[in-house]
Amino acid sequence: MSNMSEEIKSTDIEDVQSSTIEKPKKVKKGLNESVKIVLAITILALVSALLLSVINNYTKVDKEKALMDKISSVYSVAIVETIDVDKIIGYSPVEKTQIEKYVRAEDGAHIVVAKSKKGYSAAGVSLIVVIKDDKILKIEVFSHSETPGLGTKAFAEEHFNKYIGLSINELNVDQFDKKTCEQFIVISATRSSGAVYEAILAAVRVVKYYGA
Amino acid sequence: MRKNEKLKLKDLITPFTNGIIKNNATFRLVLGTCPTLAITTLATNGIGMGLAVTFVLVFSNAIVSALRNFIPRKVRIPAYILIVATFSTIVEMVTRAFLPELYSKLGLFLPLIVVNCILLARVESFASLNRVLPSIMDGLGIGLGFTLSITTMGIIREFIGAGTFFGMPINALINANLPMVIFILPAGGFMVYGFMLVIFNTIVDKVENRKHKSKE
Numbered sequence: 001m002s003n004m005s006e007e008i009k010s011t012d013i014e015d016v017q018s019s020t021i022e023k024p025k026k027v028k029k030g031l032n033e034s035v036k037i038v039l040a041i042t043i044l045a046l047v048s049a050l051l052l053s054v055i056n057n058y059t060k061v062d063k064e065k066a067l068m069d070k071i072s073s074v075y076s077v078a079i080v081e082t083i084d085v086d087k088i089i090g091y092s093p094v095e096k097t098q099i100e101k102y103v104r105a106e107d108g109a110h111i112v113v114a115k116s117k118k119g120y121s122a123a124g125v126s127l128i129v130v131i132k133d134d135k136i137l138k139i140e141v142f143s144h145s146e147t148p149g150l151g152t153k154a155f156a157e158e159h160f161n162k163y164i165g166l167s168i169n170e171l172n173v174d175q176f177d178k179k180t181c182e183q184f185i186v187i188s189a190t191r192s193s194g195a196v197y198e199a200i201l202a203a204v205r206v207v208k209y210y211g212a
Numbered sequence: 001m002r003k004n005e006k007l008k009l010k011d012l013i014t015p016f017t018n019g020i021i022k023n024n025a026t027f028r029l030v031l032g033t034c035p036t037l038a039i040t041t042l043a044t045n046g047i048g049m050g051l052a053v054t055f056v057l058v059f060s061n062a063i064v065s066a067l068r069n070f071i072p073r074k075v076r077i078p079a080y081i082l083i084v085a086t087f088s089t090i091v092e093m094v095t096r097a098f099l100p101e102l103y104s105k106l107g108l109f110l111p112l113i114v115v116n117c118i119l120l121a122r123v124e125s126f127a128s129l130n131r132v133l134p135s136i137m138d139g140l141g142i143g144l145g146f147t148l149s150i151t152t153m154g155i156i157r158e159f160i161g162a163g164t165f166f167g168m169p170i171n172a173l174i175n176a177n178l179p180m181v182i183f184i185l186p187a188g189g190f191m192v193y194g195f196m197l198v199i200f201n202t203i204v205d206k207v208e209n210r211k212h213k214s215k216e
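Sequence order for the protein chains is A and B.
Heads up, the first sequence is in the numbering used here, so the first residue is 1 and it goes up one at a time.
Heads up, the second sequence is in the numbering used here, so the first residue is 1 and it goes up one at a time.
Keep in mind that the hints were calculated from the coordinates and are not lab data.
The C-beta atom is built at its ideal place from N, Cα and C for all residues, glycine as well.
Keep in mind that the hints are not guaranteed to be accurate.
In silico BS3-like pairs for lysine-lysine, Cα to Cα no more than 25 Å straight-line [to be verified]:
#, chain 1, residue 1, chain 2, residue 2
1, A, K28, B, K74
2, A, K29, B, K74
3, A, K36, B, K74
4, A, K153, A, K135
To spell it out: a stretch of chain A is covered by chain B in this simulated footprint if at least three of its residues, at any positions, have a beta carbon under 8 Å from a beta carbon of chain B; those stretches are [as the list claims (entries may be wrong)]:
#, stretch
5, 33–40
6, 51–57
7, 135–145
8, 148–162
Simulated restraints on C-beta separations [what the hints assert, rightly or not]:
#, chain 1, residue 1, chain 2, residue 2, range
9, A, E100, B, E5, 53 to 61 Å
10, A, D62, B, M180, 41 to 49 Å
11, B, A66, A, L52, 15 to 23 Å
12, B, K22, A, V35, 36 to 44 Å
Could you build all of it, start to finish, from the sequences and the hints given here?
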């Protein structure tokens, strides 16, 4: 009996000893692993950030320059003035439309880059509209992501030609005119042609407010 | 494969050919379905998207394979995503700067390459277990297989749906009023995908069966 109790005691002491010895080892091992994990992810993130910043330096896109280049390719007369639309008295943009750029050419033409977000694609439809002597002179697509062969029917020349020569006074820019809108809608490209109409209307609207 | 074992030509060719046919991401593994259905309205979109994925796949596979002993197992997935995200951001930056038209057409699907199942699947199941060169060949094979698949889908959908071939109008088709708009709509995408899945798998299975029989 006494022998047995001695055995138990000795095994207990061994267990206690081994647990007190192993614990710091386990903690150390866990710490080492955590450090290794943090180090690995940090190094990867740093290298990735460095690589991306170098490439960004070479691929940076100057949006303003690209926009001005496109404008000058659409209307070659020299640009003399850039108009800040926020400073036009009484003007506020219509919902889901945006004026990306408004400039005036040397010959008095108004060149407006207007965007409508009502198209089929979330990217919207952005148009360059040239207005001279209160008439729409030229329309060109600046950017879009509409469905090729379907939504792109709204950008066909014959469709744009419906707007060319139209006096800006004929268009009601403050109230949605369903009848006028319907005559510009292209069958099977309803939303895209609607976005084209909205963008042109936004361009005309800003020119009207500027003139007023 | 053991660490010091010499690489044979077969070890490089097999992952490449498997990636194009046997493990074709689009038609055999049915991975990357979202961009496949969304951007194949034009054949050029297919080529653009395919090449972008190939670039990311090759480089991610190479880096993951090279660092497979350095990346701790517990955080391997975040580490792989970080590597894939780096290369997909590079592709996005380069496309935006030099191919703005393609960038606007691919839209959201370009940055979404990060979460493309094909990439994570290959990185996890192949690159993290194999050496650098076979991993590069696997990335190249899978990427080219994906490019070929989605370009073919794009050609079919564009031709039947819009009456154009790589953007060039086929006047005979258009004049006869033959283009069926449904093919460039989502429903048409599913239809073409379904038909191509059946055709591709039937052919590959038949060839595989014939191979097995001849071996026996």
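- Query: So which of the earlier hints does this model not fit?
  - Reply: Violated hints: none at all, because every hint is consistent with the structure.
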